[in-house]
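Once you've looked at the hints, go ahead and assemble the two chains, each given alone in its own frame, into the complex.
Protein chains in written order, with numbering that gives the first Met the number 0: chain A, 0 to 296; chain B, 0 to 317.
Derived by calculation from the structure, the hints in this document are not laboratory data.
Mixed in with the good hints, there may be bad ones.
[To be verified] If you want a taste of the chain A side facing chain B, the calculated C-beta under 8 Å gives, among others: (1) 136; (2) 249; (3) 291.
[Said to hold, decoys possible] Example chain A residues on the side facing chain B (calculated, C-beta under 10 Å, incomplete): (4) 4; (5) 6; (6) 22; (7) 75; (8) 79; (9) 82; (10) 112; (11) 146; (12) 147; (13) 151; (14) 155; (15) 227; (16) 269; (17) 272.
[To be verified] No farther apart than 20 Å at their CA atoms in a straight line, the calculated lysine to aspartate or glutamate pairs in the EDC-like style are these: (18) 4/B <-> 189/A; (19) 284/A <-> 97/B; (20) 262/B <-> 278/B.
Everything numeric in this text was worked out from a predicted model, so none of it was measured.
Just so it is clear, CB atoms sit at the ideal spot from N, CA and C, and this is done for glycine as well.
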Amino acid sequence: MEAKQYIGEGWKHAILIIGAIVVMLPFYMMVSMSLKSQQEIQSISGGLIGAQETQTFPVCVKTGYSEETCTMKPYQYNYWFAFEKAPIPRYLMNGVIVTLSIFIIQVLVALPCAYALAKLRFYGREFVFSMVLFCLLIPVHGIALPLYVMLAQAGLVDTYSALILPWTISVFGIFLMRQFFMTVPDELIDAARMDGMGEYAIVWKVMLPTAIPALLAFAIFSVVAHWNDYFWPRMVITGNRDLFTPPLGIREFRGGIDSDEFGPMMASIVTVTVPLIVAFIIAQKRFIEGITLTGMK
Amino acid sequence: MHNSKAHIWFIAPAIILMIIILIFPLFLAGGISFTDYNLGNKTFEWVGLENYDKMFNRKTYVKMIWATATYVIIVVPISVVLGLCAAMLLNSLRFGADIYKTIFFLPVMATLLAMAIAWEFTLHPTLGIVNSFLANGCGGVREFILGFHWLPWVDSQESWYAVACANNMDFPYWLKQKNTAIWTVCFIGIWQAFGFNMVLYLAGLTSIPRELYQAAEMDGAKSTWEQFKLVTWPMLGPTTLFVVTITTIRTFQVFDTIEILTKGGPSKTTYVMMYAIFEKAIQQNLTSIGAAITVVFIGFILVLTFFQRYVIEKRVHY
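If we strip away everything but chain B, and leave its shape as in the complex, we get (with noise of 0.2 Å):
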């Protein structure tokens, strides 16, 4: 045992910044958003829930609340189930694994800003090799396939993809139209999170002890299936909570798609939290709104990490 004074030069530094950078913040904000204060004013005054009652009756923050969750519960099962499936593919490939592995993980590496710019562009109406690709298919194959003609309900005359041939190459204009553009974010969002996922699960995957599978084939498990449902996906449970939560974490804090594809816009369905306190607080100066979605904003990350670590956690691990 000694008796230096040293820890307190080694952890003051550390304690003073995690106060003033992210303790207090979480208080100001709490403050502000019950206050009328905007950024530059001298004075304000308290208003009490005014901000929230705004927050959760104007229409603008009830679309922000839908494009949020929409976003989310789309985003988050889809990349999650699409990394198990890559996961699981290339954990039983003979070779080439690692080459798709780096191209998978690409996505998540990139600058997204600039894979934003990149999808707009190939998603481009005119210029983007997307709607060539789909004009160019009319008639064919193409069109059979993504038109869902092979659907036994589906009449080839009036699938989507046929209207659009019929009309003068009609495609969507994916990402300006109100009924595609929170979907087309949606798939950008999926694009971008799903090698994250796929390399969790790989890791995942290499710690299940080969026997296992063994045993389950004794058991009678034959198929790929049964296996799975025997073996990989309980084993995976810890790897899949894990998965979900940050993924949630990281798909609710969705801003630069937003911000430079669609600016929350057509008609304010893609106004997702994170943009809505940028354009409120920062372009608008509305600070005290601002604040408030903030708070909510915290509010649903701390519930899900509390979520996790203390309700499912226990039920998950074996």
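Bound-form chain A, shown alone (with noise of 0.2 Å):
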């Protein structure tokens, strides 16, 4: 019995592991060729690193520098020269500024509904709420076309506004803090009311601090789904480079797919997607948490 059961638990192991090979596979194309030199990126040898050997890099020499400063090792030279070539820390920046912008504007805006909507009585809520949950059906991606046209008509394409302004609303986050607030005890909300608190000063100094677990779980949802986000910026945003977001740099650096050198282009895009998948590392649990929200009732 028990040498069966460990034969079953090696099969198993053994199923996993391709799987782990095949979904790892791109991953470590895109590591190995940032850190690889060009041959050996085109013969495929060298494994996953290469062999790191110092050298003079034509590309960079044709580009202006001095022979001295383009002999270095592969990897150095990779990503080196991807910073040379484009803006990348203006193109992370942009992802910052544009994700936190959206995530604090949903949060004003929906907290307080979602508050009123859980724990005031007024006339109309039970409206307001139904048309909440109608919102919700519908995707946004859907509606970018009517979006687009609404924003260039207003002359706002191509600024920050355009990659923020969709997004300000998001009944998901009104939805879910709704529900969140249903289990905050009324007991809770009338003591800070005899203490003199107005409906304001309740909503950020005590709701806020109750949903704190919620909220981390909606900022990590938010924060994940624009930052990746591709089809929206490359629709309102045409060509100016100061307002690129880390997905549209990406789409930059593999432009002369043919004629580039891959290196440094590799590099680049590990460089913008590293972030992300360092930080899901590191807090695992909170990110599968908050990326699979939608999955909650």
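This is the structure:
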């Protein structure tokens, strides 16, 4: 019996390892290419990290750097040249600006509304809530075209506003926070009112602190979605490099796939992808919770 | 009870934004789809159903519907089943489940656009490790397994693998070839989606009470398969319904991989709806036809969601 169980366990691991290898393939390729020299990439040799021989890189010399500057190990060169060629920090900064603005505005709009829907009694509350439920059905990417037309008419294409405005309302956030606030005891709110707190103070000083766990999950959900989003920035940012978010940057790096060197290109892609992956590995549980939030009823 | 008017200030911003950003665009898309309006035009005329007529009769749009349908019909069931299998395997492991979980979830997290480019190189005919792996396996075990030579009806001289080996390593140009592009894009879609489904199923599995399995065993359901049929599958009903709906909605919205890898080609075999909207309305400035595609697209999604909420929901809850 024991032996049989071990064999069974072994089989399961065998299947899962094959699966894991397939899943990891592109990650391996990405990291490996960002470390190796062009010749090694083209001849598919050198394993994961290549031989790392110090050499002079012709493309770098052609760009106008001295031969001395252009002599280094492939991995150094790939990452150094990636940063020389494209304003990667700017792209990352834009990513931070856009995702944080979206999240903050979403909370500023959703939290008071969720509180009102959960704890205040007023005429039309049911109607507003059913409106929220209806809006939950609308896929924002699906209505991208009319939104684009509206923004174009307002002259907002190619601005930060275009990247942020359509996402300022998160009906999902309202719904989620309302469900959460329903579980907060009324006594807590009554006590706050007795203490003479106004409704505004209650939202931000009483409700917000109780909602931190839910809010954190929502933050991850929102930030990951908008950091990775490519479709919407692609629609509304047409040429202004200063407004490029990380995915738009990635697209630009790929630009000349046949003529360019692959090493620096992959190095830029790795740089842009890594922050989120590192964050994920550090705070796995929270991330999985946040991203599968939509899985909650 | 209190008489403050605070609630008005609390809900007003949300209501205004909902109307402007979510509800009004629905009507706007509907409106534009009945006109010949293009962005930048000063005037427009009502053209009735002309745009829809084009959509269902012109070859391009018929191909668009085919490509979208193929993508959804392939990706949804496979990624759901894979997610379920992975979840059940992990759930029955004694050790190491967390590592696999992290690995399988990585694609969900990582920027899809970057991963699409990584796949492009992985599958590249001359630079990619997939084709070099295949080429190095000619005449060996790899050819036997992947060429399906172990199936009795496959002739080991004429399998796709053997033919490619014989023709100077002529392995598929996965993303550039008419007969493989859509399947390759589907594969990337599955690769990206199944980890998400796995996590939802893992949560579903932990909520099944242990006693049910004991009860099933007493009733004579001894084998794993019988227990699965009797307990696991029915108990996962609500999870499955949810997973299927959410995967379908996400799958319908596929864009990143198509835009960066195939641009809808070759010969429109991967011309999915979101890409069509983007290409027609933004790149070619044919706003009205884009609006018509948008309306059909939203229609699909609304029907699906209603189907989930009101039709099936009643049947799968125990």
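Against the structure, the hints:
Of the supplied interface hints, the one on residue 136/A holds, with its beta-carbon coming within about 5 Å of a beta-carbon of chain B, less than 8 Å. Evaluation of the residue 249/A hint against chain B yields a held restraint, the C-beta minimum of about 5 Å falling below 8 Å. A hinted interface residue such as residue 291/A counts as satisfied when its beta carbon comes closer than 8 Å to some beta carbon of chain B; here the least separation is about 5 Å, so the hint holds. Look at residue 4/A: its Cβ gets to within about 9 Å of chain B, closer than 10 Å, so that hint holds up.
The criterion of a C-beta within 10 Å of any C-beta in chain B is not met by residue 6/A, whose closest approach is roughly 13 Å, and the hint is violated. Interface restraint check: residue 22/A against chain B, minimum CB-CB distance 6 Å, threshold 10 Å, status holds. Given the 10 Å rule on beta carbons, the hint for residue 75/A is violated: about 21 Å separates it from the nearest Cβ of chain B. With its C-beta approaching chain B no nearer than about 20 Å, residue 79/A sits outside the 10 Å limit, and its interface hint is violated.
Taking 10 Å as the C-beta contact cut-off toward chain B, the hint placing residue 82/A at the interface is violated, the least distance being around 17 Å. For residue 112/A, the interface hint holds, since its Cβ comes within 10 Å of a Cβ in chain B; the closest pair sits about 4 Å apart. Of the supplied interface hints, the one on residue 146/A holds, with its beta-carbon coming within about 5 Å of a beta-carbon of chain B, less than 10 Å. About 7 Å separates the beta-carbon of residue 147/A from the nearest beta-carbon of chain B, less than 10 Å, and the hint is met.
About 6 Å separates the beta-carbon of residue 151/A from the nearest beta-carbon of chain B, less than 10 Å, and the hint is met. For residue 155/A, the interface hint is violated, the least distance from its beta-carbon to any beta-carbon of chain B being 13 Å, above 10 Å. Checking residue 227/A against chain B: minimum C-beta separation of about 5 Å stays under 10 Å; hint holds. Look at residue 269/A: its Cβ gets to within about 8 Å of chain B, closer than 10 Å, so that hint holds up.
For residue 272/A, the interface hint holds, the least distance from its beta-carbon to any beta-carbon of chain B being 4 Å, beneath 10 Å. For the given pair, residue 4/B sits about 17 Å from residue 189/A by alpha-carbon distance, which is consistent with the 20 Å threshold. Of the supplied pair hints, the one linking residue 284/A and residue 97/B holds, its CA atoms being roughly 10 Å apart against a limit of 20 Å. Of the supplied pair hints, the one linking residue 262/B and residue 278/B holds, its CA atoms being roughly 9 Å apart against a limit of 20 Å.
When the structure is compared with the earlier hints, violations turn up for hints 5, 7, 8, 9 and 14 and for no others.
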